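Starting from the structure of chain G, add chain Z where the hints point.
So you can see what is in the structure, the chains are spelled out below.
Number of protein chains: 2
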Amino acid sequence: VNIELINTGTELMLGRVLNSHQQWLCRQLADLGHVVTRQVAVADTGGDIRQAVGEALARADLVITTGGLGPTSDDITRDLIAQLLGKKLRQDARVLAQIEKLFAQRKSRMPESVRVQALVPEGAMVLPNPNGTAPGLAIEVRPNPFRESGKRSWLILLPGPPRELRPMFLDFVVPLLRREFPQENPFVCRTLRTSGIGESMVQEAIEAPLRQLVAVGLELGYCARVGQVDVRLAARTNDAEKLVGDAEKMVRARLGEKIYAAGDDEIEAVIVRLLTGRKQTLAVAESCTGGCIAHRLTSVPGASAVFLAGLVTYSNEAKQKFLGVRAETLARHGAVSETVAREMAEGARNQTQADYALAVTGIAGPAGGTAEKPVGTVFIGLAGASGTSVEQKLNPFERETFKQVTAQQVLEILRRAIRG
Amino acid sequence: VNIELINTGTELMLGRVLNSHQQWLCRQLADLGHVVTRQVAVADTGGDIRQAVGEALARADLVITTGGLGPTSDDITRDLIAQLLGKKLRQDARVLAQIEKLFAQRKSRMPESVRVQALVPEGAMVLPNPNGTAPGLAIEVRPNPFRESGKRSWLILLPGPPRELRPMFLDFVVPLLRREFPQENPFVCRTLRTSGIGESMVQEAIEAPLRQLVAVGLELGYCARVGQVDVRLAARTNDAEKLVGDAEKMVRARLGEKIYAAGDDEIEAVIVRLLTGRKQTLAVAESCTGGCIAHRLTSVPGASAVFLAGLVTYSNEAKQKFLGVRAETLARHGAVSETVAREMAEGARNQTQADYALAVTGIAGPAGGTAEKPVGTVFIGLAGASGTSVEQKLNPFERETFKQVTAQQVLEILRRAIRG
Numbered sequence: 001v002n003i004e005l006i007n008t009g010t011e012l013m014l015g016r017v018l019n020s021h022q023q024w025l026c027r028q029l030a031d032l033g034h035v036v037t038r039q040v041a042v043a044d045t046g047g048d049i050r051q052a053v054g055e056a057l058a059r060a061d062l063v064i065t066t067g068g069l070g071p072t073s074d075d076i077t078r079d080l081i082a083q084l085l086g087k088k089l090r091q092d093a094r095v096l097a098q099i100e101k102l103f104a105q106r107k108s109r110m111p112e113s114v115r116v117q118a119l120v121p122e123g124a125m126v127l128p129n130p131n132g133t134a135p136g137l138a139i140e141v142r143p144n145p146f147r148e149s150g151k152r153s154w155l156i157l158l159p160g161p162p163r164e165l166r167p168m169f170l171d172f173v174v175p176l177l178r179r180e181f182p183q184e185n186p187f188v189c190r191t192l193r194t195s196g197i198g199e200s201m202v203q204e205a206i207e208a209p210l211r212q213l214v215a216v217g218l219e220l221g222y223c224a225r226v227g228q229v230d231v232r233l234a235a236r237t238n239d240a241e242k243l244v245g246d247a248e249k250m251v252r253a254r255l256g257e258k259i260y261a262a263g264d265d266e267i268e269a270v271i272v273r274l275l276t277g278r279k280q281t282l283a284v285a286e287s288c289t290g291g292c293i294a295h296r297l298t299s300v301p302g303a304s305a306v307f308l309a310g311l312v313t314y315s316n317e318a319k320q321k322f323l324g325v326r327a328e329t330l331a332r333h334g335a336v337s338e339t340v341a342r343e344m345a346e347g348a349r350n351q352t353q354a355d356y357a358l359a360v361t362g363i364a365g366p367a368g369g370t371a372e373k374p375v376g377t378v379f380i381g382l383a384g385a386s387g388t389s390v391e392q393k394l395n396p397f398e399r400e401t402f403k404q405v406t407a408q409q410v411l412e413i414l415r416r417a418i419r420g
Numbered sequence: 001v002n003i004e005l006i007n008t009g010t011e012l013m014l015g016r017v018l019n020s021h022q023q024w025l026c027r028q029l030a031d032l033g034h035v036v037t038r039q040v041a042v043a044d045t046g047g048d049i050r051q052a053v054g055e056a057l058a059r060a061d062l063v064i065t066t067g068g069l070g071p072t073s074d075d076i077t078r079d080l081i082a083q084l085l086g087k088k089l090r091q092d093a094r095v096l097a098q099i100e101k102l103f104a105q106r107k108s109r110m111p112e113s114v115r116v117q118a119l120v121p122e123g124a125m126v127l128p129n130p131n132g133t134a135p136g137l138a139i140e141v142r143p144n145p146f147r148e149s150g151k152r153s154w155l156i157l158l159p160g161p162p163r164e165l166r167p168m169f170l171d172f173v174v175p176l177l178r179r180e181f182p183q184e185n186p187f188v189c190r191t192l193r194t195s196g197i198g199e200s201m202v203q204e205a206i207e208a209p210l211r212q213l214v215a216v217g218l219e220l221g222y223c224a225r226v227g228q229v230d231v232r233l234a235a236r237t238n239d240a241e242k243l244v245g246d247a248e249k250m251v252r253a254r255l256g257e258k259i260y261a262a263g264d265d266e267i268e269a270v271i272v273r274l275l276t277g278r279k280q281t282l283a284v285a286e287s288c289t290g291g292c293i294a295h296r297l298t299s300v301p302g303a304s305a306v307f308l309a310g311l312v313t314y315s316n317e318a319k320q321k322f323l324g325v326r327a328e329t330l331a332r333h334g335a336v337s338e339t340v341a342r343e344m345a346e347g348a349r350n351q352t353q354a355d356y357a358l359a360v361t362g363i364a365g366p367a368g369g370t371a372e373k374p375v376g377t378v379f380i381g382l383a384g385a386s387g388t389s390v391e392q393k394l395n396p397f398e399r400e401t402f403k404q405v406t407a408q409q410v411l412e413i414l415r416r417a418i419r420g
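From first to last, the protein sequence lines stand for chains G and Z. Read left to right, the first sequence gives residues 1 to 420 (my numbering). Read left to right, the second sequence gives residues 1 to 420 (my numbering).
Just chain G, same shape as in the assembly:
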């Protein structure tokens, strides 16, 4: 099955908004065993959308568009597609009733412009939208005038807001795909996430031993991310599960403890699972990461079983008040120092009685660096039953990367400590 994805939106082309649909939809399709061949983004202009959809219908069995179904003047996808396929638009009474109901529930007046969202190209299937006003549309283009063979394509139009698109895809598009594009061979894909080793070293360690498996259908990929390298093992043969399983064993034999997760787990999810299994608890004292570590940990469902508290002690007063860091230590060593990291970790552990307490203090920048402690300097403390340790790192990156890289290092230090 040849699948293409088209994201429409001038805000995408002006870089005003992050395109999160691409990853989400590609991932959902991959989990169903389908791989998107091409993804395209164009502005909300007639010519661009028409050209992109026409080209996609010429190549693909399934074309999915996102955006352009709303009530404003730059929402033009519905109209354009109807024109392109030579279909009339008719008002759908059920869709209109649904929209009216939504406004009534919100107790707000319904603007006239909203009614266009009840227009449906003839022959199109309506995909209900319980989370918004614009329904999705599914159209079987048959015969397909864009293909020489005339072979049919499915064209699916989804609304732009993620919290409308996602449930609609899961509830209505997935069943349609299972029916129209049943899969013979399973698609198995496993990602092994490593940290503390470079991309070329990872390849050197595993490429030769995997060569035989690649020869019989294993697909091998690498992705270098912030402070880590992902190894991707995939197969779509009829013994895909075994092939990927054998490959995973080989990679694990070579990379061992460098692998911190298999699958999509971020390191925070690994930690929540490790601590939950051991019935242990955690507190975090953050200065330069400013809540990033707490935010990542608490984004893991079930985090409340292990995460007791996060103390974002940005000011010196807060470090003293909530963590018991001594004024003398701050005056003598400065807030960014090994000693303060140590006192922060121990203070957080004492205050919360957690099994582990992490602490991080550093200079995120852009301002605040000195010759001795340049921007990017970080001290990471870990207090546990067996004592306290502090590591120093240098992460001279812009503010957001600095926070994420540092958070990754802090969590990796904890992971290694838990694993002993």
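Calculated from the structure, these hints are not laboratory results. Computed from a predicted model, the values in this text were never measured in an experiment. Hints should not be assumed to be uniformly reliable.
DSS-like mimics (lysine-lysine), calculated; alpha carbons at most 25 Å apart, straight line [as the list claims (entries may be wrong)]:
1) Z:Lys-321 / G:Lys-101
2) G:Lys-107 / Z:Lys-393
3) Z:Lys-107 / Z:Lys-88
4) Z:Lys-151 / G:Lys-321
Calculated Cβ distances over 12 Å to all of chain Z for the following chain G residues [as the list claims (entries may be wrong)]:
5) Lys-87
6) Lys-88
7) Ala-93
8) Arg-94
9) Val-95
10) Ala-104
11) Arg-109
12) Leu-127
13) Glu-148
14) Glu-164
15) Asp-246
16) Ala-283
Per label pair, the in silico range of CB-to-CB distance [to be verified]:
17) G:Ser-386 / Z:Gly-277: 28 to 36 Å
18) Z:Arg-278 / G:Gln-91: 22 to 30 Å
19) G:Pro-167 / Z:Ala-58: 46 to 54 Å
20) G:Pro-175 / Z:Arg-278: 52 to 60 Å
21) G:Ala-104 / Z:Arg-147: 38 to 46 Å
22) G:Pro-167 / Z:Gln-51: 47 to 55 Å
23) Z:Ala-331 / G:Ile-197: 32 to 40 Å
The beta carbon of each residue, even a glycine, is placed where N, CA and C say it ideally should be.
Coordinates of chain Z only, in the frame set by chain G:
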């Protein structure tokens, strides 16, 4: 200037990684007055990359690719482009020396595979990479065999890791673009961010008054985001600045306080600026948002001047210990209650002596809801010099959206309070 962007990477098509290049590069180009016409993503397979690059060279004056320049076996872009353009690859001694230096600095052995990154297609300009091993490449395709007219195109190849790509773009691609594609008319684009009003109501309020300006070249766009709607005003006429300025005045007259920012500012940046101007300080007590609010605030450069502390009090014990919430209140009303939100806010203010203290407690889900307090229930407290108020909200979304929507509401409540 017609510009196309091609992102390569099988991990993108499998939905394993978010494509952050699209937004970043589109934004940088827009700031230079260029708009990307089309963005395409394809897997790391020869046929797909070749087809995408060939098609783009047929249409565009500037084609930028990302990814596929690294040392691993799935990094094939450099080779493919050389083939496609009929150019030989030669080893560049300076690039090789740079790579060897990098490994020497890291005190690690250089794997053989890394040497391919020193291969350069003949006639290509090398874009140095101080943050990694793979240099970028810039090729003037002249004459251009993919265009009937033969008109030249520039083809620029950038490495995949964002922290290598971004400085390379700023330091080496921007000067090249300024030289090769000078802009006659400025491109002016301003985004007005609103909250607390729906997309169709925004349009109803402003579309008619703006009609005259649209007739003379104003480009008007809308983007519905989580809990907010962006209005985009743009122009590329020779009086673009005035046109956009006039449009902004009209929109402000209609939407007034619903507009919380002009430009790219997120609400946290607005708050840091407001508090800095007033020399006031802030503390945050978070339960269900788990550090998300502190993380957002501390991602704003200069936040340390106003943000004193964030208390992520996930457990009841932490709420008592760090905020002084009474055990009796927790027992009687439950942790998710108006009274606890009030005591959290007042406790955070008392403990830190901040001018304002925000508190939020709620049920993020997926578990923990009851009939009386379903998943998504949130209480938001704000304590200030003039007293304490608590608002209740219902945000029945999945965990990450829940955190972000709730954080947005909490910050908006503070913004309105500061503005009086």
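Hint-by-hint comparison with the structure:
The hinted pair formed by Z:Lys-321 and G:Lys-101 fails the criterion: a straight-line CA distance of about 47 Å is larger than 25 Å. Pair hint G:Lys-107 plus Z:Lys-393 holds up; C-alpha atoms about 16 Å apart against a cutoff of 25 Å. Only pairs whose Cα atoms come within 25 Å are accepted, and Z:Lys-107 paired with Z:Lys-88 is rejected, the gap being roughly 33 Å. Only pairs whose Cα atoms come within 25 Å are accepted, and Z:Lys-151 paired with G:Lys-321 is rejected, the gap being roughly 68 Å.
Consistency note on G:Lys-87: stated as away from chain Z, and its beta-carbon is indeed over 12 Å from all of that chain's, at 25 Å minimum. With a minimum CB-CB distance of about 24 Å to chain Z, G:Lys-88 clears the 12 Å threshold, and the non-interface call stands. Distance check for G:Ala-93 against chain Z: the nearest CB is about 20 Å away, which clears 12 Å, and the non-interface claim stands. Every CB of chain Z is more than 12 Å from the CB of G:Arg-94 (nearest about 20 Å), matching its label as outside the interface.
Chain Z leaves G:Val-95 outside its interface by the beta-carbon criterion, the shortest separation being 15 Å against a cut-off of 12 Å. For G:Ala-104, the requirement that its beta carbon stay farther than 12 Å from each beta carbon of chain Z is met, with the minimum near 14 Å. Under the 12 Å C-beta cut-off, the non-interface status given to G:Arg-109 relative to chain Z is violated; the minimum distance is some 9 Å. The non-interface label for G:Leu-127 is consistent with chain Z: the shortest C-beta to C-beta separation is roughly 18 Å, beyond 12 Å.
With a least beta-carbon separation of about 17 Å from chain Z, G:Glu-148 lies farther than 12 Å from that chain, consistent with its non-interface assignment. The beta carbon of G:Glu-164 is not kept farther than 12 Å from every beta carbon of chain Z, the shortest such distance being approximately 9 Å. Annotated as non-interface, G:Asp-246 keeps its C-beta farther than 12 Å from every C-beta of chain Z; the closest such distance is 19 Å. Residue placement check: G:Ala-283 does not keep its beta carbon more than 12 Å from all beta carbons of chain Z (closest about 8 Å).
In this structure the hint that G:Ser-386 and Z:Gly-277 lie 28 to 36 Å apart at CB is violated, the actual value being about 48 Å. For the hinted restraint 22 to 30 Å between Z:Arg-278 and G:Gln-91, the CB-CB distance of approximately 52 Å leaves it violated. Here the CB-CB span from G:Pro-167 to Z:Ala-58 is close to 40 Å, at odds with the stated 46 to 54 Å. A hinted range of 52 to 60 Å holds for the C-beta pair G:Pro-175 and Z:Arg-278, which are about 55 Å apart.
In this structure the hint that G:Ala-104 and Z:Arg-147 lie 38 to 46 Å apart at CB is violated, the actual value being about 56 Å. Taking 47 to 55 Å as the suggested C-beta distance range, the pair G:Pro-167 and Z:Gln-51 does not conform, at roughly 34 Å. Distance hint for Z:Ala-331 and G:Ile-197: a CB-CB separation of about 50 Å, inconsistent with the stated range 32 to 40 Å.
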